[in-house]
Amino acid sequence: MLEIEKKKMRNIVAVGKSVQRLDIVEKVTGRAKFGSDFVIGRRLYAKVLRSPYPHAKIIDIDATKARSLPGVRAVLTPQDIPHEVISPLLGDQYALCGDNIVRCVGDPVAAVAADTTEIAEEALELIEVDYEVLPAVYDGEEAFRKDPPVVVHPGLSNYRPLSGLPIRPDPERPNVCQTYKIRSGDVEKGFEEADLIVERRYTTSRIQHSPIECHQADAWFEPDGSLTVRSATQTVYDLKEVLCNIFHLQPSKVRILSGYAGGSFGCRVGIRCEPIAALLAQKSKRPVRLAFTREEMFVFGCHRVPYTIDIKDGVKKDGTLTAREIKAILAIGAYSEWAVLLVKRAAAGAVGTYRIPNFKLDSYGTYTNLPITCAFRGFGCPEIEWSIEQQMDIIAEKLEIDPVEIRKKNILNEGDKDVSGMITHSIGVRKCIDEVAKWINWGERPKEKGEPWKIGKGIAIGNKSVMAGSTSVIIVKVWQDGMIEVRHSAAQLGQGIMTTLAQIAAEEFCVSVEAIRVLSGDTAFCPFDSGTVASRSLIHNGNAAIAACRDAKQQLFKMAAPKLGVFPEDLMTSNGKIYKKGVPERSINIMDLFTPQGVPLEGGEILGRGSYTGPVEREDPESGQSGRSVFDYSHTANAVELGVNVETGEIKVMRSGMACDVGKAINPKIVEGQIEGGIAMGIGIALYEEVLLEDGAPINTSFTDYHILTALDMPRGENSKAIIVETPEPQGPFQAKGAGEVPLVASAPAIANAVYNAVGVRIRDLPLHREKILEGIKMAKGKTTKLQNAR
Amino acid sequence: MNSVGLGCQFRHPRFRYLEAKSVHEACSLLSEHKDRTIKFIAGGTDLMVAMRRGKVTPKYVLNIKTIPNLDYIHHDDESLRIGALCTLDVIESSLLIKEKFPLIAYSAHQIGTQQIRNLGTIGGNCCNASPSADMAPSLIGFGAKVKIKGLAGDRIVNLSDFFEGPGETVLQADEMLTEIQVPNPVPHTRGVYQKLQGRTKIDLAVVGVAVVARFGRKADILEDPRIVLGAVASTPIMVQEAETIIGGKSLDDDLIRKAAKIASEEAKPISDVRASANYRKQMIEVMTYQAVKFLVTSAQGRPNHNA
Amino acid sequence: MKSEIRLKVNGVIYEVYVEPWKSLLEVLREEIGLTGAKAGCEEGKCGACTVLINGKAVNSCLILAPQAQGMEITTIEGLETADGLHPLQQAFVDHFAAQCGFCTPGMILSAKALLDKNPNPTEEEVRIALSGNLCRCTGYVKIVEAVLSVAK
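Read top to bottom, the protein sequences are chains A, B and C.
FYI, in the numbering used here the residues of the first sequence are 1 to 791.
FYI, in the numbering used here the residues of the second sequence are 1 to 307.
FYI, in the numbering used here the residues of the third sequence are 1 to 152.
Worth flagging that the hints you see were computed from the coordinates, not collected in a lab.
Here the structure is a predicted model, which means the values were calculated and not measured.
Since no wrong hints were added, every one of them can be taken at face value.
Between beta-carbon pairs, the in silico distance windows are:
#: 1; chain 1: A; residue 1: Met483; chain 2: C; residue 2: Glu15; range: 39 to 45 Å
#: 2; chain 1: A; residue 1: Arg145; chain 2: B; residue 2: Glu168; range: 44 to 50 Å
#: 3; chain 1: B; residue 1: Thr37; chain 2: A; residue 2: Phe38; range: 33 to 39 Å
Listed next, the in silico BS3-like pairs over lysine-lysine satisfying Cα-Cα at most 30 Å (straight line):
#: 4; chain 1: B; residue 1: Lys258; chain 2: A; residue 2: Lys772
#: 5; chain 1: B; residue 1: Lys281; chain 2: A; residue 2: Lys781
#: 6; chain 1: B; residue 1: Lys258; chain 2: B; residue 2: Lys293
#: 7; chain 1: A; residue 1: Lys652; chain 2: B; residue 2: Lys201
#: 8; chain 1: A; residue 1: Lys772; chain 2: B; residue 2: Lys201
#: 9; chain 1: B; residue 1: Lys34; chain 2: C; residue 2: Lys2
Even for Gly, the Cβ is constructed at its ideal location relative to N, Cα and C.
With these hints in hand, go ahead and build the complete structure from the sequences.
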């Protein structure tokens, strides 16, 4: 509303332009500071002792020798720790802080702070732990049973969640800590109406986010007893709350500092190093740094949840979906963390794209004795789309309908009610699929490369929603020289929030981005934010920034109005001047509203406050129906052309075009960067990435054997293509939507569909490891010819 | 009763640091610490990783990069001789080696990343004795030897006899590898190295196949072929039965496939995080076939990037 | 256990007093205060610790500090001059070739080592030179664009 009016009044200043990133010069010169670059005097170095067993009782811990090693300043064992919450959402505890039971390999058991890392490592070796090994359950379906072989958390019913999140365990299944359901229409009726039913099982793998920076935290207590923690966490205020709870401190006594994060992709959502570092700081009365090694990242830096998805689709012979039923088991591992939210939010992936008259979804989060899982870019949507988008291709083939056409036939239209009861708006996925189909020359057979390569094309679409009902607050300060300072608490993961907020503020004040400074990373003066999750940051911080800018402008206009002989509402500002609308000569410089010492003529400071809370409607727990289950959806389509080596099973992705509907690209180059990064991560996850486990322990704990993409693995030159689609989101800042996660959603199924197109092999579990491909090729030898003729 | 749990095996090791200024000094220091608590460091690309993962815990680390004049590349009428401290990037880009022994330059290029090649030495690569080492199959294919110096004197050992198992070589406690010698191949010798990698060439070989042979009377006949497999046994292995099948015979597709199958049967690969034994066996067959075929077609004038 | 070593970094001699088991990376970051080189894995796999030694890109996490004596060490901090950013740094800025920025110092140095030796590389040569620098954010697209833009 107001955004569009403004657009009519003058040209856009900064929004929509690929303005140079505010942080990039720092980053290319090495001046940008990440957590471990900060120096603190008298710092101690901490290490954590972790369980070698997937499930065991700690009978005894003897840390005497460790405590007396010269240079050791503090040792923590379970006896030393208050029995308080470290996991904020459900209330289940790591062994170190809980009930003396280790529930996964890597579970923290003890911790040491010492003068050097080497001494801390030596001290760990001196801690003697007596374990009584217990049987363990690894398989999600086994754990899901009503009579599972092992109950991971017998005390589940006594856990008290810290947050207000509704927790709905399954009373009949002792390991299921969270459930979620959606009911819309009558699926049985829908299946009866169908001409074709396709029912399959899909699974996804455990993977690790592999940000190039490992987790780390610094913690220290100030003389007045307040606690300061530096951490690259994505959930600053959650962390604050947990620390307040552990140390019985008021919120004003806990300060979180965060600089730049070396990527995250979800693994810094939740609590990692911080409580243990803080507990050691308290004990030793010194600042403590706890840093994960790369090995620890792979063991306990958290993984993406493996899913088992059973999906059944009913469809008419003209390709119209009549019914879809999904059952998803999320094997969340030993402790729940953010996985409890995942059980619900992953469902949005099945809701936001297709029109389905009859829909049933049940998702379950079950404990297992495997390492912890947490948020991963896409928060369940990539996993759900892995199943849905292959189903669509299977259906397309059986009905002899083109895969693009069958999707377009079933995509929701603006104004349709989706299966969660929300009215669809801002759905740009049709444009996305058209763009990528055009880019990849969808209608044409791929050019063959010659033996032993077979080439195929594949396409997939998807969505990623922004969570409903979250809040961001922004403070804007106007300096006497006209500099606009924006203060926020979004995490700086590389996604460019600093720059896009500067562009929004520049737009509001009609100045160049050089007149904007953006500050964050200190809760002492940066306001509340619900967390840098769920692609929510731009929307909520952006809307709050607009409100804060307007508040600041009002303060300026109130001072300027009498000087110009007008009312405040007659005024506007640009380029550091305030003037009467339509009469630019009737103006005053912002500078002139301050004394020479820099104090504004009224009020002491120009501080604009703005807050934005996204709308939400409570959902019915039995049907998942709600008028506003999410804030909105961003949409995507990915088209891929790849070669399969029929002798080795190797896959080479030659072309990947990805279109994302982001509402409005505040900074197109930044959005492109997100999409290109998503293309790369998607290829890695589809083809190579997998945490391999042996007796519950990750065994490929380094980049030697856990393969993320290198520069040699990406399509060359123009063959990876980011396409921006803009379908306005009326409630977004300048009609923008989230862009950080949606680029990961469609790649794996697009690649799987292309593999099928190439060699007739349908792989329904991740990754598409070449041994599986080779097996499949050997079994599918007869079908290949038919398929090559199909398009 | 485990103190140090999984997930914290990575460590920052402590040790005493020594430097050697000559081969003799290095051997003396090795001999002084006959209990094998001493390890050489040159490029550090293997030792540092092994120490950090707790696989080796030396009390002494002896820097041999301080030994002068051990990084040479010499060539004469008899052989190519590379000093043990010659780094892999020098080998991959040496004009002399690229012209006269292109397969060796190519094999060096397959190892790791540019940063690793800038640090890692050929001596270190051999002494690390990884079954999947990228240079070993080609070097063995050319009949390479190594010069070993110890306090008792020098000896020359065939590279094919140098490896005893993963991380194990014939080096005695006080011995040091100082030189790799590659006899000049007879005219019309060509070689190829096929590596089945993880994602791309920077990864360890899942299967490596080197084939070196002389082209004699006709373009489809390989004389005295050597087929050497890497990453499929505890050391690089020569598959002699397969060599016999193709040696000196007019090669058609069926014969090459037969030899490839025999090569696969001669090998005894293991399953590990990179691949299953079964897959490796299949790939030995595929890679061996491709390697031999490549050599034959290259002799017929088709482009060959690595012979 | 500690001993004095002399390191020449970006043309400046530093005398530091460290244990011999410290890597060049640790000494650069903790003793000399040059934090541009990062610890990403400490195993020579990610390239975030890349510095130049005598013009060649190396993993500083794999080099013992005493081994780096007598070498010309260049870190990212040594690239910009009083006249401004190095052309590669400027290219990264212009092409949006950094997101989180953690891999960026190492990436730029690997690119510099390539261009100093081969001023006009092909795209393939650029990718090979950068294959030892892992980036999880960018997909390498704008990084390769930036390097090629300096090459032309």
